[in-house]
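Participant: Letter by letter, the chains look like this.
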Amino acid sequence: MWNEYSFGLAIAFACALIGFAALTRERDDLHKLLLIDLVETASLAVIALIGTDLAEALILPGLVVGIAELLALSQIYLTKEGYQQNPVKGLNIEVMMRSPAPVILSTILVVYGIILSGFTGGGIAGLGVVFFLMSRSFTGDFHVLEIASGISWALWVAAFFVFMFLPGWWYFALLGAAIGILLKVITKMSLVGAMWGETE
Amino acid sequence: MNEIGGAPLFFLEFGDIVIYFSPFTITLFLLALVFSVFVLVSRPERQIDIAFGADAFYAKVISLSELKFRRFMSIACGLACMGAMVTGDLFDFTLFVSLVGICNVGIVAAVKSRHVQNAAYQYGLVALAGTVPMFAAAAMVAATTGTLSMLELAEGTIQVPLAARALLVLGVMGEGMAPFYAAKAEMFRAPGAPYVIMCSLSSLLIFLRVAEVILVL
Amino acid sequence: MIIQKISRILSNFDNILPLFAAACAVMSIITLISLPLAYHEDQLYPKRIVPGSTLNPYDRGGPPFTQAEIHSQYPENSPTAGYVTAYLTPFSLFLSEYTSYMGTTIVAHPGGILDEILYNTRGLDTVVEPTILFIAFAIAAYIFRKGGDE
Amino acid sequence: MNPEFLLGSVLLLVGTIAAAFPRPRTYLNRLINLEISAWGLLLLMLSYNEALALLTFGGVSALTVYIFVRVLQKKEAAV
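Residue numbers (numbering that gives the first Met the number 0), protein chains in the order written: chain A, 0 to 199; chain B, 0 to 216; chain C, 0 to 149; chain D, 0 to 78.
It should be emphasised that the hints constitute simulated quantities derived from the structure, not laboratory data.
Just to be clear, a hint being listed does not mean it is correct.
To spell it out: a stretch of chain D is covered by chain A in this simulated footprint if at least three of its residues, at any positions, have a beta carbon under 8 Å from a beta carbon of chain A; those stretches are [said to hold, decoys possible]: (1) 0-13; (2) 24-38; (3) 43-57.
Here a beta-carbon is modelled for each residue, glycine too, at the ideal position from N, C-alpha and C.
Same shape as in the complex, but just chain A (with noise of 0.2 Å):
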């Protein structure tokens, strides 16, 4: 009976122990934090045991709940402790405010998310594009970028209802639930680069 899946289950509730054990003798409030994103790693694990395509497709709504709630509660970590006027230093580093090097970077992985599109290219579109928004310390229009994210989801629900009520036109939802999900998800994670920069 003990087959890989239990295995496999009891290393991931023996890493849910552990990591909820220290959680348990934690004081440190971003030291919490830090434990939490290590106990969410331990139940993606299980999420991932199931190893058929509905595990990816519980996994990928897993991993950006995570992540949206860590950049909440990190926000509200720093009002709360006061941090939040406090300068951050961004990369600056001499070669990479000059350098193209930040650009390539960032263009390969916006065009091969754009290749992606829906959750993984909005993710890694994203990336690019936080990672050329630190390297350039750039103070940028939030509103500009909050009303993008609404009208992408706007889309994007949209095509949802048209696979579900007009199931013939499923090409045409199946294009806009791709582009819509691909802009929301790098809109929100552009959101990350901005906040680097300094308040308003």
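For this one, chain A is given, so just place chains B, C and D on it according to the hints.
Facilitator: Coordinates of chains B, C and D only, in the frame set by chain A:
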């Protein structure tokens, strides 16, 4: 098939995720709907602090943007509750519950008081930790029974492992039920009456719903 | 009174997370004890590897624009399930004809088994998930903008 | 059980222990040790051929590092 809240009256199919309305879920759904509308139309309270020993009092000023933001979060919380009440898929249920958790954090996090923000942070950590047992439970159900649909699981032909049920309950408790609810009570010091009601109402609704889910499995 | 003592501990919200973590740790131990669990062989959306296919590891069959077979929960609810999997955009078609290691790229490009699951058969999951993303980022952005000026 | 699965399990467990009880208990040390368990998870996904999940997890965990480094920098600037 074991039915807890009466036979489902009608189904709304979204592919593999089937939303079902039984007398039990429809009651909870309407309750969430009524409160969302209530939040939408009501005007927020003005908290007044009375200075002791003198005849003076001063009203706390809440900025318009803060008000709008918190109303938006409350409505999102109401919508999430409505979804969690009627969904017939286990993983979808866990996602809706975590949405309720993050909305609850949002309702209070906008308040500019260090005490309230600290409570919101601690509660947010518990909500984030609660997703771990919840997702693990849903994944274990999928792996050991081969399905996530509550309607299929309610047939009772395949046994759901006890550990998965217990993990699900623990995870949902982390998203805002007793005894981890205490942090929320602390958050109620935040001004803005109709919005914080949404916090406690969502816990009540989710408590009732998770009881049904566990009994059906 | 013991109840008073418990409620005093609980009323300090710094103790909430350690308490929850302890409950989770205990629950992990219980799960470990209950362990060997049977893996149900008849899974939804099974994975299979077609040797030699350029779409590895995501070849789920089906010539373009004909319905591939998808083992979903309620096939009658999604009549178009299987079309998306079989469809390749011109770009993915080009990749699949000229390279043999780009299966992941092809499947992530619009049209593939994951799009099938995420958008079509289990679309509501994906609706909820960007909503969580939206709410969490809205909180972060709001606090970032307003948190500074006091 | 293929070698990726075994190696992934070992790394997951070792990384968890390392991140839960880091030797000099600093934020940076814990953040770096988190990567070990992330590698374990990546190998686990690889053994089940979950390539797309692997790719996304790689990208998202890089973003997690950005978020934490930002918090650490702001915290450090306060001292």
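Participant: Take the hints in turn and mark each one as holding or not.
Facilitator: Cross-check of the supplied hints:
1. 0-13: holds (count 5)
2. 24-38: holds (count 7)
3. 43-57: Since three or more residues must qualify, the claim that chain A covers the segment 43-57 of chain D holds, with 9 doing so at under 8 Å.
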